[in-house]
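Asks: If you're matching them up, the sequences are chains A and B in order. Residue numbers for the first sequence follow the working numbering, beginning at 634 and rising by one. Residue numbers for the second sequence follow the working numbering, beginning at 55 and rising by one.
A couple of the hints might just be wrong.
[Claimed, not checked] Calculated pairs, DSSO-like style, for lysine-lysine (alpha carbon to alpha carbon, straight line, at most 30 Å):
{"#": "1", "chain 1": "B", "residue 1": "Lys398", "chain 2": "B", "residue 2": "Lys277"}
{"#": "2", "chain 1": "A", "residue 1": "Lys721", "chain 2": "A", "residue 2": "Lys770"}
{"#": "3", "chain 1": "B", "residue 1": "Lys86", "chain 2": "B", "residue 2": "Lys383"}
{"#": "4", "chain 1": "B", "residue 1": "Lys383", "chain 2": "A", "residue 2": "Lys651"}
{"#": "5", "chain 1": "B", "residue 1": "Lys471", "chain 2": "A", "residue 2": "Lys651"}
{"#": "6", "chain 1": "B", "residue 1": "Lys397", "chain 2": "A", "residue 2": "Lys745"}
Simulated from the structure, these hints should not be mistaken for lab results. All values derive from a computational prediction rather than experimental measurement.
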Amino acid sequence: MISEISLLYQEVIIDHSKRPRNFRVLEGADRKAEGYNPLCGDRLVLFLKMDGDRIAEIAFQGSGCAISTASASIMTAELKGKTVKEAKEIFEKFHQMVTGTPNGDWEMRLGKLAAFSGVSQFPVRVKCASLCWHTLKAALEEKKETVSTE
Amino acid sequence: MTTTMTPEVVVGVRSHLDVEKIRRDFPALHQKVYGKPLVYLDNAATSQKPQAVIDAITRFFTIENSNIHRGVHYLSEQATRAYEEARVKVKEFINAREAREVIFCRSTTEGVNLVAQSFARRLVKPGDEILITAMEHHSNIVPWQILCEQTGAVLRVAPINDAGELLLPEFEKLLNPKTRLVSVAHISNALGTINPVEQIIETAHRRKIPVVIDGAQAAPHLKIDVQQLDCDFYLFSGHKMFGPTGIGVAYGKAHLLEAMPPYQGGGDMILSVTLEKTTYNVIPHKFEAGTPNIAGTIGLGATIDYLAGIGMENIAAYEQELLEYGTEKLSSIPGLRLIGTAKKKASILSFVMDGIHPHDIGTILDREGIAVRTGHHCAQPVMQRFGVPATVRASLAFYNTKEEIDALVAGLLEAGKVFG
Ligand SMILES: Cc1ncc(COP(=O)(O)O)c(C=O)c1O
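Start from the sequences, fold in the hints, and give me the full structure.
Replies: Set out below in structure tokens:
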């Protein structure tokens, strides 16, 4: 039997947590937001460069657990080139997946992000997986305050 | 073997606890989580309860339930007697001079707030100083910050070294004519350090500075003697010492408590009330406004009886054995770094592992049935001092075993593999 732990810590997730992509300060970013998860001390700063309605460039920095780091890394990889509307739709599906909405064909609908489907078996880790997404939302809506998952 | 034992423990004496028998007293220990036997190593957050305590609370609600200090009827008399008997038990547990020096409150947290508002607030003027240490729990930081905001006083912090020990000379240097109060943890929840509270108190008292001791983590591990310590206030929580939640103790020297204004107003804390003037009750009742946590108090009394039957000295000796064993085993894990390596420590093992965030370790251990705490342990300044966002903390009680430490080690090696 495949354990829930191995479904949570899939290879892609371990890989992205150890070698996060787009992990840098984005020079000339026109949107920026900070995210903080007080439960585990995860912190991240998200940078966006917009081209009209499209995310031209996206990067992040911070420190956190494997789930939150990998989530931010894969999110940035997946969202480059997407429109604001597309990004929000992806977030909605992602959120449904990690909170365990049944019968989602996530593989088809979320691509690489489907690696986080195991999170739904770990309710306390949902916040870790979604921190970067809440931060993204704040950046897109240009909220100035640090977003918190609390 | 090193003898890193506390003065309360006779060096070299092996414990003679029948741990298997003790474990049978704690029903919560005998369950499976995720199909694995529970290994409960989160005792510094809250401890499990012996059947005797559960029974005492059940008996109260089943038979004795009644309000105290009010009724003339039989049940109220019984409840009042049980409540006041618990106060005498606490007095004996901490060796207070008198039972009226024992104030029942909600928790350590409420105790610190009580002392800050009722005792310290009248003492401090703008520019005066309150001295704490760099290893305090938030509940021994924030009430003082609130007091400082209210009064214009300044919070000073005595530093600690890389082992997590208080730097006594630095502490002493920080004492000055403006220092109005010292408040320190007896044992650090994040590091396990046992502070030299006797020296701290003596040093402060030489300058006539009163001392508050946060005993939340000491009450479950050590024999406490407030007369020997000569502390002015000593605060602890029932739930961390195998008793109920929602009940705590604020010990204060009688003459200090008598001079203090009440903390809260309400029923029971008065002698007489007219709409023009109210006369406050005597201590301890002056500080126990309203209907208290009667069941919790009676449960705490039962907890103290239970602990007395085992002996705090025996508990401390056994836990030192566990601590030595755990320290040795954990230190042998590649990439593991203990945070908090004081010479005098309680059975708390805080650590980080290379390349694995504490939160991920916590999740992996959880699925092995092992309950640890991960995070900042309500001691963010300690985390900042050691440059880590969080730690994993295994905190041991006298019902834990070496086999459980072995299970922890196996779980950590497993975590290492997941991230290998
Ligand atoms: C050292 C210390 N002080 C104070 C507290 C606060 O105790 P409570 O939450 O029971 O008020 C704790 C609890 O974690 C503690 O470990």
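Asks: A separate judgement is required for each hint: does it hold in the structure or not?
Replies: Tested hints:
| no. | hint | result |
| --- | --- | --- |
| 1 | Lys398(B) / Lys277(B) | holds, 15 Å |
| 2 | Lys721(A) / Lys770(A) | holds, 8 Å |
| 3 | Lys86(B) / Lys383(B) | holds, 25 Å |
| 4 | Lys383(B) / Lys651(A) | holds, 27 Å |
| 5 | Lys471(B) / Lys651(A) | holds, 14 Å |
| 6 | Lys397(B) / Lys745(A) | violated, 49 Å |
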